[in-house]
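Protein chains in written order, with this note's numbering: chain Y, 2 to 132; chain B, 2 to 132.
These aren't lab readings, by the way, just hints derived from the structure by calculation. Certain hints may be false.
All copies of an identical chain are treated as equivalent in the list; a pair is satisfied when it fits inside any one copy or across any two copies.
[To be verified] Below 20 angstroms or equal to it, Euclidean Cα-Cα: the simulated SDA-like pairs (lysine to any residue) are:
1) K103 <-> D12
2) K102 <-> S91
3) K98 <-> T88
4) K98 <-> R8
5) K36 <-> A54
6) K42 <-> T94
7) K103 <-> A80
8) K103 <-> A67
9) K102 <-> S44
10) K102 <-> G113
11) K98 <-> R4
12) K42 <-> G18
13) K103 <-> M2
14) K42 <-> K102
15) K103 <-> R35
16) K98 <-> G18
17) K102 <-> A57
18) K103 <-> M6
19) K42 <-> K98
20) K36 <-> E101
21) K102 <-> D12
22) K36 <-> L65
23) K102 <-> M6
24) K98 <-> D87
25) K102 <-> R23
2 protein chains.
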Amino acid sequence: MARLMIRIGFDNGSALGPGKVRLLELVAETGSIRKAAIGMKMSYRRAWLLLQALEAAFGEPLVLTATGGRAGGGASLTALGRLVVDTYRSIETGAAKAVEKKLNILSLRVRGARVTSRSPGGTHRRRKLSI
Amino acid sequence: MARLMIRIGFDNGSALGPGKVRLLELVAETGSIRKAAIGMKMSYRRAWLLLQALEAAFGEPLVLTATGGRAGGGASLTALGRLVVDTYRSIETGAAKAVEKKLNILSLRVRGARVTSRSPGGTHRRRKLSI
Numbered sequence: 002m003a004r005l006m007i008r009i010g011f012d013n014g015s016a017l018g019p020g021k022v023r024l025l026e027l028v029a030e031t032g033s034i035r036k037a038a039i040g041m042k043m044s045y046r047r048a049w050l051l052l053q054a055l056e057a058a059f060g061e062p063l064v065l066t067a068t069g070g071r072a073g074g075g076a077s078l079t080a081l082g083r084l085v086v087d088t089y090r091s092i093e094t095g096a097a098k099a100v101e102k103k104l105n106i107l108s109l110r111v112r113g114a115r116v117t118s119r120s121p122g123g124t125h126r127r128r129k130l131s132i
Numbered sequence: 002m003a004r005l006m007i008r009i010g011f012d013n014g015s016a017l018g019p020g021k022v023r024l025l026e027l028v029a030e031t032g033s034i035r036k037a038a039i040g041m042k043m044s045y046r047r048a049w050l051l052l053q054a055l056e057a058a059f060g061e062p063l064v065l066t067a068t069g070g071r072a073g074g075g076a077s078l079t080a081l082g083r084l085v086v087d088t089y090r091s092i093e094t095g096a097a098k099a100v101e102k103k104l105n106i107l108s109l110r111v112r113g114a115r116v117t118s119r120s121p122g123g124t125h126r127r128r129k130l131s132i
């Protein structure tokens with residue numbers, strides 16, 4: 002199956018895509034900007050800059066850091082941070098569902114495409130198409 | 002309003018996004034890879050490489066060039082090229098429509114957001130939100 006990657010461009014010139022959203026999720030999961038950066042295979046500085054860009058875009062923080070400084074761990078998402086992550090993931094799911102059939106039109110034309118066929122029993126099986 | 006930018010990632014590792022699709026549209030509009038490249042503010046070489054990547058992904062050409070060589074103009078889309086452009090644009094429209102309300106949740110939280118309100122008369126007016 003093909004996969005939709007969604008980036009949202011806002012009127013103020015800022016953008017939200019899979020990278021920033023995954024970073025926020027990793028901050029929530031690990032409780033640390035440093036660990037989230039490692040999970041993203043990016044430098045701490047880059048992760049911090051991405052979070053700063055988000056804060057500038059939304060006008061308030063999406064991540065809270067405990068006393069001791071940003072490098073000290075103890076990071077968590079603010080209510081806005083959770084809203085942004087949840088809404089983005091929901092947009093992703095909703096969009097993918099809405100365009101599933103059209104996406105299949107393209108998937109089936111791509112070289113090495115696999116088609117998912119539904120057997121009478123309701124299970125799925127995948128086979129290689131020689132197109 | 003926020004704007005969805007969609008990139009489609011296929012199983013074979015290739016991807017289709019707004020850049021390649023716009024390039025194909027410009028080839029169709031101008032009848033020339035060279036003019037399409039100028040319209041995209043990219044080099045002829047880069048445009049040609051993008052079209053080659055598309056051909057590799059789909060296993061057949063999306064652009065036909067007249068005798069005289071690729072630089073000689075006379076380029077047009079193949080049926081597959083038109084299918085890819087039309088399906089992508091249709092995916093874009095379908096996805097945007099499906100997630101319009103959720104997109105608004107984010108748009109309204111972005112700094113400098115504008116909200117479109119519907120007056121009783123059915124016309125739209127835009128105002129700045131001071132969030």
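Now the hints, each set against the structure:
no., hint, result
1, K103 <-> D12, "between (28 angstroms within a copy, 16 angstroms between copies)"
2, K102 <-> S91, "both (19 angstroms within a copy, 11 angstroms between copies)"
3, K98 <-> T88, "both (15 angstroms within a copy, 15 angstroms between copies)"
4, K98 <-> R8, "both (17 angstroms within a copy, 15 angstroms between copies)"
5, K36 <-> A54, "within (19 angstroms within a copy, 36 angstroms between copies)"
6, K42 <-> T94, "neither (25 angstroms within a copy, 34 angstroms between copies)"
7, K103 <-> A80, "between (35 angstroms within a copy, 16 angstroms between copies)"
8, K103 <-> A67, "neither (46 angstroms within a copy, 31 angstroms between copies)"
9, K102 <-> S44, "neither (39 angstroms within a copy, 35 angstroms between copies)"
10, K102 <-> G113, "within (18 angstroms within a copy, 36 angstroms between copies)"
11, K98 <-> R4, "both (11 angstroms within a copy, 18 angstroms between copies)"
12, K42 <-> G18, "within (17 angstroms within a copy, 24 angstroms between copies)"
13, K103 <-> M2, "within (12 angstroms within a copy, 25 angstroms between copies)"
14, K42 <-> K102, "neither (34 angstroms within a copy, 33 angstroms between copies)"
15, K103 <-> R35, "neither (40 angstroms within a copy, 30 angstroms between copies)"
16, K98 <-> G18, "both (18 angstroms within a copy, 18 angstroms between copies)"
17, K102 <-> A57, "neither (37 angstroms within a copy, 23 angstroms between copies)"
18, K103 <-> M6, "both (15 angstroms within a copy, 16 angstroms between copies)"
19, K42 <-> K98, "neither (30 angstroms within a copy, 34 angstroms between copies)"
20, K36 <-> E101, "neither (35 angstroms within a copy, 34 angstroms between copies)"
21, K102 <-> D12, "between (30 angstroms within a copy, 16 angstroms between copies)"
22, K36 <-> L65, "within (15 angstroms within a copy, 50 angstroms between copies)"
23, K102 <-> M6, "both (16 angstroms within a copy, 19 angstroms between copies)"
24, K98 <-> D87, "both (16 angstroms within a copy, 19 angstroms between copies)"
25, K102 <-> R23, "neither (27 angstroms within a copy, 22 angstroms between copies)"
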